[in-house]
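Work the whole structure out from these sequences, hints included.
2 protein chains.
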Amino acid sequence: MGFGLGSVLMRLGLRSPDEASVDAITLFVVLLTSCIVIGHLLEKSRWLTESITALAIGLCCGIVFLLTTEGKSSHVLVFSEDLFFIYLLPPIIFNAGFQVKKKQFFRNFMTIILFGAVGSLISFAIISLGSALLFKKLDIGFLEIGDYLALGAIFSATDSVCTLQVLNQEERPLLYSLVFGEGVVNDATSVVLFNAIQRFDLSHITSTITLQLFGNFLYLFFSSTVLGVAVGLLSAYIIKKLYIGRHSTDREVALMILMAYLSYMMAELFYLSGILTVFFCGIVMSHYTWHNVTESSRITTKHAFATLSFVSEIFIFLYVGMDAMDIEKWAVVSKSPGTSVGVSLILLALVLIGRAAFVFPLSFISNLTKKSQNDKIGFKQQVTIWWAGLMRGAVSVALAYNQFTRSGHTQLLGNAIMITSTITVVLFTTVVGGLLTKPLIKLLLPPPKHSGNIIFSELSSPKSFNIPLLANGQESDPDMGADVPHEDGLRLLWSTPSHTVHHYWRKFDNAVMRPVFGGRGFVPCVPGSPTEAIIQ
Amino acid sequence: MGFGLGSVLMRLGLRSPDEASVDAITLFVVLLTSCIVIGHLLEKSRWLTESITALAIGLCCGIVFLLTTEGKSSHVLVFSEDLFFIYLLPPIIFNAGFQVKKKQFFRNFMTIILFGAVGSLISFAIISLGSALLFKKLDIGFLEIGDYLALGAIFSATDSVCTLQVLNQEERPLLYSLVFGEGVVNDATSVVLFNAIQRFDLSHITSTITLQLFGNFLYLFFSSTVLGVAVGLLSAYIIKKLYIGRHSTDREVALMILMAYLSYMMAELFYLSGILTVFFCGIVMSHYTWHNVTESSRITTKHAFATLSFVSEIFIFLYVGMDAMDIEKWAVVSKSPGTSVGVSLILLALVLIGRAAFVFPLSFISNLTKKSQNDKIGFKQQVTIWWAGLMRGAVSVALAYNQFTRSGHTQLLGNAIMITSTITVVLFTTVVGGLLTKPLIKLLLPPPKHSGNIIFSELSSPKSFNIPLLANGQESDPDMGADVPHEDGLRLLWSTPSHTVHHYWRKFDNAVMRPVFGGRGFVPCVPGSPTEAIIQ
Chain A
1 MGFGLGSVLM RLGLRSPDEA SVDAITLFVV LLTSCIVIGH LLEKSRWLTE SITALAIGLC
61 CGIVFLLTTE GKSSHVLVFS EDLFFIYLLP PIIFNAGFQV KKKQFFRNFM TIILFGAVGS
121 LISFAIISLG SALLFKKLDI GFLEIGDYLA LGAIFSATDS VCTLQVLNQE ERPLLYSLVF
181 GEGVVNDATS VVLFNAIQRF DLSHITSTIT LQLFGNFLYL FFSSTVLGVA VGLLSAYIIK
241 KLYIGRHSTD REVALMILMA YLSYMMAELF YLSGILTVFF CGIVMSHYTW HNVTESSRIT
301 TKHAFATLSF VSEIFIFLYV GMDAMDIEKW AVVSKSPGTS VGVSLILLAL VLIGRAAFVF
361 PLSFISNLTK KSQNDKIGFK QQVTIWWAGL MRGAVSVALA YNQFTRSGHT QLLGNAIMIT
421 STITVVLFTT VVGGLLTKPL IKLLLPPPKH SGNIIFSELS SPKSFNIPLL ANGQESDPDM
481 GADVPHEDGL RLLWSTPSHT VHHYWRKFDN AVMRPVFGGR GFVPCVPGSP TEAIIQ
Chain B
1 MGFGLGSVLM RLGLRSPDEA SVDAITLFVV LLTSCIVIGH LLEKSRWLTE SITALAIGLC
61 CGIVFLLTTE GKSSHVLVFS EDLFFIYLLP PIIFNAGFQV KKKQFFRNFM TIILFGAVGS
121 LISFAIISLG SALLFKKLDI GFLEIGDYLA LGAIFSATDS VCTLQVLNQE ERPLLYSLVF
181 GEGVVNDATS VVLFNAIQRF DLSHITSTIT LQLFGNFLYL FFSSTVLGVA VGLLSAYIIK
241 KLYIGRHSTD REVALMILMA YLSYMMAELF YLSGILTVFF CGIVMSHYTW HNVTESSRIT
301 TKHAFATLSF VSEIFIFLYV GMDAMDIEKW AVVSKSPGTS VGVSLILLAL VLIGRAAFVF
361 PLSFISNLTK KSQNDKIGFK QQVTIWWAGL MRGAVSVALA YNQFTRSGHT QLLGNAIMIT
421 STITVVLFTT VVGGLLTKPL IKLLLPPPKH SGNIIFSELS SPKSFNIPLL ANGQESDPDM
481 GADVPHEDGL RLLWSTPSHT VHHYWRKFDN AVMRPVFGGR GFVPCVPGSP TEAIIQ
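Chains as they are written, first to last, in the working numbering: chain A, 1 to 536; chain B, 1 to 536.
Simulated from the structure, these hints should not be mistaken for lab results.
There may be inaccurate statements among the hints.
[As the list claims (entries may be wrong)] Listed below are the simulated BS3-like cross-link pairs for lysine-lysine, each with C-alpha atoms no more than 30 angstroms apart in a straight line:
| no. | chain 1 | residue 1 | chain 2 | residue 2 |
| --- | --- | --- | --- | --- |
| 1 | A | Lys438 | A | Lys376 |
| 2 | B | Lys438 | B | Lys380 |
| 3 | B | Lys438 | A | Lys241 |
| 4 | B | Lys442 | B | Lys136 |
| 5 | B | Lys44 | B | Lys442 |
| 6 | B | Lys438 | A | Lys44 |
| 7 | B | Lys101 | B | Lys335 |
| 8 | B | Lys44 | A | Lys241 |
| 9 | B | Lys438 | A | Lys438 |
| 10 | B | Lys101 | B | Lys241 |
| 11 | B | Lys371 | B | Lys101 |
| 12 | B | Lys241 | B | Lys370 |
Computed from a predicted model, the values in this text were never measured in an experiment.
Right under this line is the structure:
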């Protein structure tokens, strides 16, 4: 496949802009294909994951470009925020919602929100304050207070893909759902926070503005969720009402994909958080819509969404890798390399501290509210959660571009340093963090059968896995009566308050929601859920 | 869903370019969703097909835009050639190759090439000559000889989607495969022809240039086919060699989609015909690659490709409809409405004549070579073929934009008239032709059981349906011996020459190709082919 790249490099000078885009697309398709093939060959490797492979290939490609064209062709490589937020992120987040084990997710909902929202806010505060205090001692250009707050938001956006690739969802459902759920809520929190900061005049912060900021944040959080749920329900209703004959699989699949994307774009249109919207749209679609379509459509959508998400992820890592080698942004910084290294180190330290500052205290608080041992988060698991959120990814890069390229591109020293430092931190945490993740997790969490404590905590109460909120597993009966624990309502509310909420939700779901919007048990044939394999 | 459009219109003035693209995407997603829902509701209609619905919705939308913004927002609507040729056309053509009934296609291969390539050349010659002679009498701007030849290529590109939506593949395999195959080969021919014309200096045509043109045409035709077959075989080989464990459906699906797209982009990169390449890549992929993947991947790719193609088709019609209402290009023309109408009428007449000039003579020639009655093309079927190719579609629009916007956009009278006339002809043929297709086909070809002649010709020789080239049906045994007709080789060659080619191809396929590239019978589980339903 090497000749594709060779011919691209050869022809770059000869082609019109249209034709250059043909080159760029071909190059990206070739690279994506190589990433998938190489990723498959390296699957058994002790250190490498698919995302690091993609990042490395992207970096190599960037270097080859740089050497061959002597910095002339940086145009092909510039990171496009639009491409990222409009095309690559939505399928990843939607698929996350679509394939999430809803039972686990809602069971740990409060802990996830605690980590994802409150934790991100703590991390945001520490990084903003820290950078505002420490950067003054370094010789960088003028930064406004809004820039420091933006930095906080940029660096509180974690990227837990690496860890999730290593963690086994079947072996450690609690840990997986926490890391996974925190990742999604954290993405949404930092983007919402970032947008809120950009929209307010922060030259003089008063308590009123702080309150408004917080109000805006809550408003975005809730309205985005409501929009996602609404679009998801609408899709379920349309497909249930119209597709009685259900003779066109293509139409069903197209409708599901289009409406999922619609939820994201509508959120963006109304200045809400598309990430949250499309995530909840995915959850609702897998609970209702997915059960209203034919079996072929189910298999198709399940794998098509996963494939889209998979390709988008690889694309992003490839892109970040290639973009890092874009020479233009390094030109300004190279005059003061010491400052740039200093900024990167400070940011890295703040990231480490900011994360430790909430994971351990919040775990402690979360553990206080849990009665049973199996719901508590052990110390080793806390370390894993802390570790999983150290990596910074494409969201940080995209937000950094948004904030620091608005006034005069990367020509200003301050802006250029911020962008290159973001890239440095992203590359460093992803590569070093990514390489160490597999060994670290093997060390901290050996396979369950060798770890007495964890296996005990996970197996001691199998019952707790049988109380679903949005029940979706094979074991849950569509007739909800069978699922109610054998205790009376009042005692149940006392001992496991959230389980009781689940109980009443299921009652409501079966009595009101399912008859209108379809779902498991309200369609002729009842296979598994999107999270479970139907045909392997 | 009306509020989406309303808010788009409301905000168009207020947004930055980035945000305007969010508006445009949301609008298109909403419109696509409506087209699918409305198309489903109108399915039983006597007149309407999905493509006309999409075109009508696009037109309405364009009118609403025009009225609301008073012509200011034409930017959202401008037809982008890149979008069409890089993103929308490849999935449609690939899916055509992937889902084609290969047996029928290769059985009628010579007739299809005759209609698609030779026929398109005849049509091209008549339209070029006719327009060169007739346009001189009208008062339009200066047109070069290259422009007239380009017009010939533009208007020899047919769009048989409408007819294919109405024809039943099971009831009339011969007719369907002819119309379908001609459509694909015709698309490729006209695009290749168009590119060849643009690349040569045509100010003074000599016999050398004509010969070069023809040589270039043949070169493009064969090299494109070879490239498509090569990429298809490579994908089959990679997936067969690497995916022994076959534990990742997503990787298989991603690889198939990426390599299909890669074949198209590589053809474009090497200035070949992407349409032909991706079509043959689709055929090879459905014959080899598709059999090397897991059953989930098979179901997923089959429906995912069909869905992509379906959505792209609707998108194109919607787009052409909206673009037709773009005010800028009508402004210049409105000064001389008579000329514009005259040009459109002349083109329409030339299209009708050009098509008749080859369908009936070539059918006659084709019938001469056929021995058995069932292979001959009856008069009513000839009329259907003639009718199916009258519609002009997005390929014509895209080529017209390419030719007539290069020198000074639509400000020049000649260019403006050519573009508006193309749109007029496309709209007229698609709407009028599309509306009449269903009734006409019902009139010409009533369901087989009432049409003695046709049922006879189709059932008299069931054997002929059992001799596959790239055999793929359920009835064909992987062990090829069973398929050889009970006649000796020489007599067979005499009576049915093309069947004998099939016979030796199958021998070669089983002995050499399948062991290397996989395919039916060379993978553990053997379900149906992409053209057959597995789970309905």
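Looking at the structure, which of the earlier hints fail to hold?
4, 6, 7, 9, 12
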